[in-house]
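Participant: Spelled out, the chains give:
There are 2 protein chains.
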Amino acid sequence: MSSEEMSGRSATTAAQVRKDLSLFGSFGKRGLGYDVADLSERLKKILGLDRRWRVALVGAGRIGSALVEYGGFAERSYDVVAIFDSDPSKVGERWGGLRVRDISQFVSVAKDQGVEIVILAIPVEAVPSVMEYVEEAGVRGILNFAPTKLKVPERVAVKDVNMVMELEALSFALSQEDEEA
Amino acid sequence: MSSEEMSGRSATTAAQVRKDLSLFGSFGKRGLGYDVADLSERLKKILGLDRRWRVALVGAGRIGSALVEYGGFAERSYDVVAIFDSDPSKVGERWGGLRVRDISQFVSVAKDQGVEIVILAIPVEAVPSVMEYVEEAGVRGILNFAPTKLKVPERVAVKDVNMVMELEALSFALSQEDEEA
Numbered sequence: 001m002s003s004e005e006m007s008g009r010s011a012t013t014a015a016q017v018r019k020d021l022s023l024f025g026s027f028g029k030r031g032l033g034y035d036v037a038d039l040s041e042r043l044k045k046i047l048g049l050d051r052r053w054r055v056a057l058v059g060a061g062r063i064g065s066a067l068v069e070y071g072g073f074a075e076r077s078y079d080v081v082a083i084f085d086s087d088p089s090k091v092g093e094r095w096g097g098l099r100v101r102d103i104s105q106f107v108s109v110a111k112d113q114g115v116e117i118v119i120l121a122i123p124v125e126a127v128p129s130v131m132e133y134v135e136e137a138g139v140r141g142i143l144n145f146a147p148t149k150l151k152v153p154e155r156v157a158v159k160d161v162n163m164v165m166e167l168e169a170l171s172f173a174l175s176q177e178d179e180e181a
Numbered sequence: 001m002s003s004e005e006m007s008g009r010s011a012t013t014a015a016q017v018r019k020d021l022s023l024f025g026s027f028g029k030r031g032l033g034y035d036v037a038d039l040s041e042r043l044k045k046i047l048g049l050d051r052r053w054r055v056a057l058v059g060a061g062r063i064g065s066a067l068v069e070y071g072g073f074a075e076r077s078y079d080v081v082a083i084f085d086s087d088p089s090k091v092g093e094r095w096g097g098l099r100v101r102d103i104s105q106f107v108s109v110a111k112d113q114g115v116e117i118v119i120l121a122i123p124v125e126a127v128p129s130v131m132e133y134v135e136e137a138g139v140r141g142i143l144n145f146a147p148t149k150l151k152v153p154e155r156v157a158v159k160d161v162n163m164v165m166e167l168e169a170l171s172f173a174l175s176q177e178d179e180e181a
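If you're matching them up, the sequences are chains Y and B in order.
Numbering-wise (this note's numbering), the first sequence opens with residue 1 and increments by one.
Numbering-wise (this note's numbering), the second sequence opens with residue 1 and increments by one.
Check each hint, because a few of them may be wrong.
If chains are identical, the list can't say which one is meant, so a pair holds when it fits in one copy or spans any two.
[To be verified] Here are the computed lysine-lysine pairs in the DSS-like style, where the Cα-Cα straight-line distance is at most 27 Å:
{"id": "1", "residue 1": "149", "residue 2": "44"}
{"id": "2", "residue 1": "159", "residue 2": "149"}
{"id": "3", "residue 1": "111", "residue 2": "159"}
{"id": "4", "residue 1": "44", "residue 2": "159"}
{"id": "5", "residue 1": "151", "residue 2": "44"}
I should point out that these hints are in silico values taken from the structure, not numbers from a laboratory.
Based on the sequences and whatever the hints tell you, model everything.
Facilitator: Encoded structure:
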């Protein structure tokens, strides 16, 4: 498949496809395009999708449930193996095949289950106490939905999903347009 | 307040605070620091937070409800003024002070209500038909939760919130660490 064809399937250009891919290695052949199966396999390996990742969800609220019930995670390489909350009315609930556990069990369960990534879907005020558990358990990656900047050891990777910040980026963009107009 | 004090309240450095702020203008005084009230007001204006923004939610599912019930939007400058879905079992439901409307009413309601920003919390397969309405209504900004790249006219600003992509960025980072180790 050519970069032209690839760009046609997304909202980008052929040049951008070639540039983006070149950042990760030498894949295609000039004039011949890319071998799709080979490219897919090599990109999966680079993205860490050639193996399964064991994920714990902390926070059994609405965002958490949207995430867990969304099929896209398992389809890729992410298995949610444990769910935690601190609310006694939620602890014990069944979510799919999992039972919501009390957050106080986090360290032992996470070690036991080999949890590497945590999805943090909790209020800001719960962050400090939960982060103590997360650090103690040796978790390596955090997908953070709490609207606060986490302080973590250097070895821990964090990705923030901050919806208010994205909205602010939008209104910033629109305000700039207004000024230029 | 000094950049040193500001950086202490977040996970960054004083130099980064100064650098980031300098991108938007000349705020502080060397040796004296920043006038917090003045800085806050000027940043609000730059971010478009010195006015209210009228927002419509499309997709009355779990992510949508997490967003609407999250107090943080109204606290800032975003008023959700309309909610839409295509599912007859959801249309007519009351969400806070709003009634979920049928998506077919989008254009007339959005124009009537002066909707400027749309939060798109719908499945990928619903995107093309909804985007026709969104374009026709002249919406200027989209916060997109659908895991697909939107094709929009140049005048429309888009911010994507893609949780799978963030997870992939995490596992990519962790895989790189493994290779270096």
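Participant: Against each hint, give a clear statement of whether it holds in the structure.
Facilitator: Hint check results:
no.	hint	in the structure
1	149 <-> 44	between (29 Å within a copy, 20 Å between copies)
2	159 <-> 149	both (10 Å within a copy, 20 Å between copies)
3	111 <-> 159	within (22 Å within a copy, 36 Å between copies)
4	44 <-> 159	both (19 Å within a copy, 25 Å between copies)
5	151 <-> 44	between (30 Å within a copy, 26 Å between copies)
Of the numbered hints listed earlier, not one is contradicted by the structure.
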